[in-house]
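2 protein chains.
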Amino acid sequence: MPNYDPKTFYDELVANRLVVPSGVLGAFGRGAVFEDVLEHLDALLLRTILEDGVESMTFPPVIDRDIVERTGYMDSFPNLCGTIHSFLGPERDARAVSQRIEAGKPWADLLGMTDVVLNPAACYPLYPTCAGVLPEGGRHVTMLAWVYRQEPSSEPTRMRSFRVREVVRIGTPPEVVAWRDMWLSQGIALLESIALPARADIAADPFFGRGGKMLAAGQLDQKLKFEVLIPVISEENPTACGSFNYHQDKFGTAFGIRTRDGQVAHSACLGFGLERLTMALFKTHGFDPAAWPPAVRDRLWP
Amino acid sequence: MPNYDPKTFYDELVANRLVVPSGVLGAFGRGAVFEDVLEHLDALLLRTILEDGVESMTFPPVIDRDIVERTGYMDSFPNLCGTIHSFLGPERDARAVSQRIEAGKPWADLLGMTDVVLNPAACYPLYPTCAGVLPEGGRHVTMLAWVYRQEPSSEPTRMRSFRVREVVRIGTPPEVVAWRDMWLSQGIALLESIALPARADIAADPFFGRGGKMLAAGQLDQKLKFEVLIPVISEENPTACGSFNYHQDKFGTAFGIRTRDGQVAHSACLGFGLERLTMALFKTHGFDPAAWPPAVRDRLWP
Numbered sequence: 015m016p017n018y019d020p021k022t023f024y025d026e027l028v029a030n031r032l033v034v035p036s037g038v039l040g041a042f043g044r045g046a047v048f049e050d051v052l053e054h055l056d057a058l059l060l061r062t063i064l065e066d067g068v069e070s071m072t073f074p075p076v077i078d079r080d081i082v083e084r085t086g087y088m089d090s091f092p093n094l095c096g097t098i099h100s101f102l103g104p105e106r107d108a109r110a111v112s113q114r115i116e117a118g119k120p121w122a123d124l125l126g127m128t129d130v131v132l133n134p135a136a137c138y139p140l141y142p143t144c145a146g147v148l149p150e151g152g153r154h155v156t157m158l159a160w161v162y163r164q165e166p167s168s169e170p171t172r173m174r175s176f177r178v179r180e181v182v183r184i185g186t187p188p189e190v191v192a193w194r195d196m197w198l199s200q201g202i203a204l205l206e207s208i209a210l211p212a213r214a215d216i217a218a219d220p221f222f223g224r225g226g227k228m229l230a231a232g233q234l235d236q237k238l239k240f241e242v243l244i245p246v247i248s249e250e251n252p253t254a255c256g257s258f259n260y261h262q263d264k265f266g267t268a269f270g271i272r273t274r275d276g277q278v279a280h281s282a283c284l285g286f287g288l289e290r291l292t293m294a295l296f297k298t299h300g301f302d303p304a305a306w307p308p309a310v311r312d313r314l315w316p
Numbered sequence: 015m016p017n018y019d020p021k022t023f024y025d026e027l028v029a030n031r032l033v034v035p036s037g038v039l040g041a042f043g044r045g046a047v048f049e050d051v052l053e054h055l056d057a058l059l060l061r062t063i064l065e066d067g068v069e070s071m072t073f074p075p076v077i078d079r080d081i082v083e084r085t086g087y088m089d090s091f092p093n094l095c096g097t098i099h100s101f102l103g104p105e106r107d108a109r110a111v112s113q114r115i116e117a118g119k120p121w122a123d124l125l126g127m128t129d130v131v132l133n134p135a136a137c138y139p140l141y142p143t144c145a146g147v148l149p150e151g152g153r154h155v156t157m158l159a160w161v162y163r164q165e166p167s168s169e170p171t172r173m174r175s176f177r178v179r180e181v182v183r184i185g186t187p188p189e190v191v192a193w194r195d196m197w198l199s200q201g202i203a204l205l206e207s208i209a210l211p212a213r214a215d216i217a218a219d220p221f222f223g224r225g226g227k228m229l230a231a232g233q234l235d236q237k238l239k240f241e242v243l244i245p246v247i248s249e250e251n252p253t254a255c256g257s258f259n260y261h262q263d264k265f266g267t268a269f270g271i272r273t274r275d276g277q278v279a280h281s282a283c284l285g286f287g288l289e290r291l292t293m294a295l296f297k298t299h300g301f302d303p304a305a306w307p308p309a310v311r312d313r314l315w316p
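If you're matching them up, the sequences are chains A and B in order.
Per the working numbering, the first sequence runs over residues 15 to 316.
Per the working numbering, the second sequence runs over residues 15 to 316.
This is chain A alone, in the form it adopts within the complex (with noise of 0.2 Å):
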């Protein structure tokens, strides 16, 4: 029977040196055994990926603010969002700077706002590279890109910086839909082929306040957001490993991407969140993968 109390796994993930602490919440560094599995982890993914025949792209983990802005990020997760600041001022105002942080006095104000902001979700980047008219079929691309989101905590799955392996399909409504359905149950069963005990089920985001409720029915009434839950720190309230996002018309309108037919594309997005599959892996299997079922090595390093 697990244990599925938060603090004592984190305190067993940093005793197995698979966490290395930090002096701030949710960011934390990755030990040579955490990496080893989540690479291992992302290679088998990538395998079925691009069985598909899928376009793979690699975005930094800082993005265009114009992408958030246009996208009406800040109007559904202001609370997440992390912008990027710098002393942008002449040289005769840089020393103020450095006097403020020698006499602990706060320096934000001395700052101005850059033109990027941390990647909300890895897909981000890619829709502004498809305006105009897609391809006959659509695009279908994969990526995995280090991902930001502003809510500390000191529980291990909650990350503030962590690593998603997304696949993203712009098309026609029915190419879309139909992907999505095939990979809900290819998701599963890839997660199934290394022990984990997986399943999906409707979800919707975290979208900010009170008006928020009203956006998070919406998207559950017409299931537009999936997510695959795993028990990592807590049985009844299973982990989101990953999560199927279909967006309708939203990226398509928004930059302006078109099906050959003339119509604005629809596209859905997948996401797996490695760190939290990767923990996932060690909660279910144990902190030694050397000891890991022979079935699950062989999937991982085959």
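Quick caveat, the hints were computed from the structure, so don't treat them as lab data.
Since the model is a prediction, treat every value here as computed from it, not as a measurement.
Just so you know, nobody snuck in bad clues.
Pairs count within a copy or across copies, as identical chains cannot be separated in the list.
Think about it this way: if two alpha-carbon atoms lie no more than 30 Å apart in a straight line, the pair counts; the simulated DSSO-like pairs of lysine-lysine are:
{"#": "1", "residue 1": "Lys264", "residue 2": "Lys119"}
{"#": "2", "residue 1": "Lys227", "residue 2": "Lys264"}
{"#": "3", "residue 1": "Lys119", "residue 2": "Lys227"}
{"#": "4", "residue 1": "Lys239", "residue 2": "Lys227"}
{"#": "5", "residue 1": "Lys237", "residue 2": "Lys264"}
{"#": "6", "residue 1": "Lys239", "residue 2": "Lys264"}
{"#": "7", "residue 1": "Lys227", "residue 2": "Lys237"}
Chain A is fixed; fit chain B onto it per the hints.
The following block gives chain B in isolation, referenced to the frame of chain A:
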């Protein structure tokens, strides 16, 4: 006779789908072939690095703001640091963020500074984890991290967000200096093994402002920094693709790291700029890795 025009090189990277343009300077996407070369280059570096029994860790692209405050980073490079800000207010103030964005007005003043900043150098998050007395023989750690420098440029090798493979040595001054000298020759030999025309030279950091000139002169005088230079966008001004920094007791003092004999520990680091080295490979051997010299291919895809 290669053409060294930066604009032409960028256009060629895009035409060959190695770089995916974005709306912001210095934060473009990378195509699949670019990533394949970068990953195998990193694996080659790592094979040599791990031979020496080095520990491996991974840190996120954001780090504790205390690290840059405590180490005087804002004295030397106030213009390069990216701080992370977020909406930290109550729900009743959140609507103003969206309203400002919709009206096309600045919204930075509605945000607050968080306790994290973008990591300016891959090794920074390591030092606080080494506080206290070092084990016999000191520490020897490698990490790959996304780092950030606020210097927007259309010149392709001058990125704002890029990856660095670093190796760090912390110990007594003789341990650290001997390690740095060993790597100076080993590092050049490693790059020569993939037929890159690399050479090392004494260098100085781009310290900010007029006061920075004195810091740079001292650094040159004491030979604290070496760079590995390869022609990528200019023959006269080759690109710094690697950097060796001897910090003396800077981080030992800032984070209370001591050797077993009670002295303040010294440290040095060696960083390889993975995107710049990947671009150097494309510049030197052409845009199609399948057509690279067999000896180079054998080293990268063993």
